[in-house]
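K.L.:
Read off the chains here:
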Amino acid sequence: MRGVLTVYLKRACLVSIKFVCVTLILSACGGGGGNNQAFSNASSGALDSSSLSSNAVSSLASVSSANSSTSSSSSSASSSSSADSIVLSGIITYDHIPHNTNNVGLNYLEVEPRPVRGAVVELVDDLGQVKASTTTTNDGGYSFVVQKNLLIKVRVKAQLLSTFIPTWNFKVTDNTSNNALYALDGALVAATVQSAKRNLHAVSGWDGVAYSAPRAAAAFAILDSIYIGLGRIISAGNTQNLSPLELRWSTKNSAAEGDVTKGEIGTSYYDGSAIYILGDANNDIDEYDPHVLLHEWGHYLEDELFRSDSIGGDHSDGQLLDLRVAMSEGFANAFSGMMIDQINYADASGSEQSSGFTFNIGRKNRVNKGYFSEGSIGSILYNYYVSSLNKTANDFVPIFNVLSNGAYSASEAFTSIFLFHSQLKNQLPDHAPLFSSLMQEQSIFGTDEYASDESNNGGLTISLPVYKTLSVNGTATNVCSAADYGKYNKLGNSQFLKLNISQTGSYNVRANKSGGGNVISKPEFILYQKGRAIAYVENTLSDNVTGNLNISRGNYVLEVYDLNNHDSDNTDENMTCFNVRVATN
Amino acid sequence: MSTLYSTIKVGFAFCVTAALFGCMEKPVTEVTLPSKSVQATKTTKPGAAIKLVSNSLISITANELVHTEVVLEAMESGGELIIDFSSSQGLSLENISSPQTIKFDGSAPVKIPVSLIATTNGRYYLNMHISLNNADTISVRNLAVIVQVGPLVEKAVKLQKTADENIIALPAQETISSQ
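As given, the protein sequences belong to chains A and B, one line each in that order.
Its first residue numbered 1, the first sequence is counted upward by one per residue in this note's numbering.
Its first residue numbered 1, the second sequence is counted upward by one per residue in this note's numbering.
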């Protein structure tokens with residue numbers, strides 16, 4: 001939308017004054033980001049924040065009112081029936097497949113039915129018309145009052161929906177079938193006393209050796225992990241609406257990277273608009289991996305309720321990462337464990353889903369401890385969560401409050417464990433000693449959001465201080481970019497410079513190669529305000545980059561890097577250093 | 001007079017230099033982040049630090065035995081890879097042992113020769129279930145190579161449409177009784 005608006009404005013401005021044009025384009029670009037609170041109320045439903053733990057029973061006053069999907073609660077279903085109507089009710093369940101006790105691989109021998117909670121249930125007639133709608137209760141129950149003898153079937157959508165504040169709309173859809181919504185369909189049967197109880201069960205499709213039947217349970221297993229997370233977020237006090245989200249799963253979703261409409265998704269991920277989930281049996285399926293599902297949903301919440309400045313990309317526990325990525329991934333790991341109170345992260349895969357891997361989210365002993373380690377961040381957050389020192393154990397509220405606080409979102413520093421610590425000290429000073437101690441156990445010593453006094457360089461001297469300082473019209477600041485630990489999102493790829501602009505105006509920002517390997521470099525930079533990129537200057541010349549920027553008064557962070565150390569397709573990787581300057585024009 | 005001349009010369013030189021610099025500089029008016037960064041804003045699930053370096057798509061013809069190489073890069077300083085190979089139905093892997101255990105030191109990519117053949121056109125997958133063991137942890141990642149045999153054929157998708165919403169109707173195990 002922002003791009004379309006920009007093009008439109010550009011065209012309009014061709015016949016107008018150039019100055020006005022530039023101003024308009026700038027306005028359009030500046031105003032488009034950040035607002036995730038656009039909602040579409042798909043249809044009316046019965047699930048709201050209060051019904052997460054209540055028994056919502058819906059009644060249909062008159063089935064002859066076509067397309068009526070409005071439900072009203074009734075404390076007693078039977079009392080609302082009359083001679084012409086009956087109560088049609090039942091329980092919806094799905095096959096839950098747990099992990100083995102060692103957390104490696106799925107244990108199909110321990111399959112158990114679990115309730116489908118909070119899902120949209122509809123009554124659909126022989127013409128395919130939706131006659132009524134409600135949502136399942138915590139035990140998977142649903143109830144309608146329906147006209148006798150009406151030919152009707154029960155449909156359970158893989159959808160969590162609330163149209164009351166806070167609103168949400170989570171759907172499990174199939175990216176290989178035009179993002180169609182999964183739904184469990186019962187048989188079309190006349191509503192009589194004899195057919196008034198209709199229990200629907202979604203089977204796993206596993207026959208003991210292989211999946212030989214449709215995997216109906218998968219969509220509801222995914223939905224239930226989200227339901228659990230949703231309940232915890234509401235309990236923690238969330239009152240903000242949540243943007244609609246699709247969780248796209250298919251039996252075709254495989255580790256191949258290519259066309260997502262063919263299921264070639266590469267891995268399970270969140271891309272800012274949807275969560276894609278693996279479903280390729282005997283290779284990697286994630287529908288029964290709540291940690292994986294809630295990890296990605298945690299990233300969605302970062303976008304929705306909190307803030308993350310992560311640049312994404314591949315990551316693993318032992319890697320030395322960009323501090324923004326380490327914070328986001330460490331949080332998502334810890335979050336997944338907190339939501340289900342399971343310290344051992346489990347991801348099943350392989351032949352018959354019998355292998356996979358596990359790790360202890362709260363583990364304290366590890367190699368590569370530091371602010372750059374997602375393992376360290378996950379350990380700190382999880383151990384803080386479970387601690388009862390001056391706080392309630394297993395309480396997500398403090399973490400939710402720190403992350404959702406306006407000061408966290410509005411910080412001029414990047415999101416990192418340093419920012420979290422700084423905000424926690426302000427909001428919950430009684431918890432600060434515990435948190436500081438956990439940080440020190442992970443060799444993290446920075447004392448404020450800019451990591452002042454941090455002494456752990458991760459074996460890379462150029463990484464400290466975490467934030468360098470850049471002065472307008474001052475001497476150049478020399479910084480280096482390295483790929484010792486990999487490219488794009490690893491420690492040392494980028495350098496961060498604090499920049500204070502005391503007067504709004506035009507500034508020249510430049511970086512010229514000065515030091516490092518005797519190679520051709522490709523410096524680039526991105527200017528951030530409160531974690532949001534406001535200017536990017538692409539490299540067009542060897543060994544230097546320069547750009548004129550109109551910058552308002554305020555505090556910024558300038559990210560400087562050698563593109564060779566960011567681009568994974570590039571085989572050149574050397575430490576290169578740059579003199580960075582900012583001068584008034 | 002000479003001072004004035006010198007001043008004009010310096011001023012002219014300054015103007016030329018400034019103009020040249022102006023041409024070289026790229027005024028920044030809009031934020032378009034690097035394409036690599038846009039691609040990578042995917043936040044992926046945790047997994048072993050290993051990636052496919054060779055082509056992720058191989059195009060071959062039916063009944064053609066193709067000898068190729070899968071190249072993997074482990075972003076760890078060293079350890080052991082245990083790789084299970086499998087293929088989708090219709091694609092045969094020739095002369096390859098599975099699982100394979102490969103030690104690596106992080107200095108060079110891991111190259112694995114593979115031979116593939118399929119008798120009918122279609123889209124197939126060479127799957128690798130990779131366990132990476134280092135001194136600290138065991139982690140897993142699945143990677144796959146797309147093997148396109150013959151031309152790409154798009155299939156139409158049939159969906160059940162209800163009230164402007166596409167639905168995939170899953171069969172329920174249903175028990176119907178009286179209350």
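Derived from the structure by calculation, the hints contain no laboratory data.
Treat the hints with care, as some may be off.
Unchecked claim - For lysine-lysine, the following BS3-like pairs were computed, each having C-alpha atoms within a straight-line distance of at most 30 Å:
(1) A:Lys262 to B:Lys103
(2) B:Lys42 to A:Lys262
(3) A:Lys498 to B:Lys51
(4) B:Lys103 to A:Lys364
Stated by the list, open to error - To list a few chain B residues with every Cβ distance to chain A over 10 Å, as calculated:
(5) Asn95
(6) Val145
(7) Ala172
C-beta atoms are modelled at their ideal positions from N, C-alpha and C, and glycine is treated no differently.
K.L.:
Regarding the pair B:Lys42 and A:Lys262, is the alpha-carbon distance no greater than 30 Å?
P.N.:
Holds, at about 18 Å.
K.L.:
Assess, step by step, whether the Cα of A:Lys262 is no farther than 30 Å from the Cα of B:Lys103, and give holds or violated.
P.N.:
violated (34 Å)
K.L.:
With the threshold set at 30 Å, check whether the alpha-carbon distance from A:Lys498 to B:Lys51 stays at or below it.
P.N.:
violated (34 Å)
K.L.:
Taking the minimum C-beta separation from B:Asn95 to chain A, is that value above 10 Å?
P.N.:
holds (21 Å)
K.L.:
Beyond 10 Å on every Cβ pair: is that true for B:Val145 relative to chain A?
P.N.:
violated (7 Å)
K.L.:
Quick one, are B:Lys103 and A:Lys364 close enough, alpha carbons at most 30 Å?
P.N.:
Judged against 30 Å, a Cα distance of about 27 Å means the pair holds.
K.L.:
At 10 Å, judged by beta carbons, does B:Ala172 keep clear of chain A as stated?
P.N.:
Not fine: 4 Å to the nearest Cβ puts B:Ala172 too close to chain A.
Violation of the numbered hints given earlier is confined to hints 1, 3, 6, 7; the remaining hints are satisfied by the structure.
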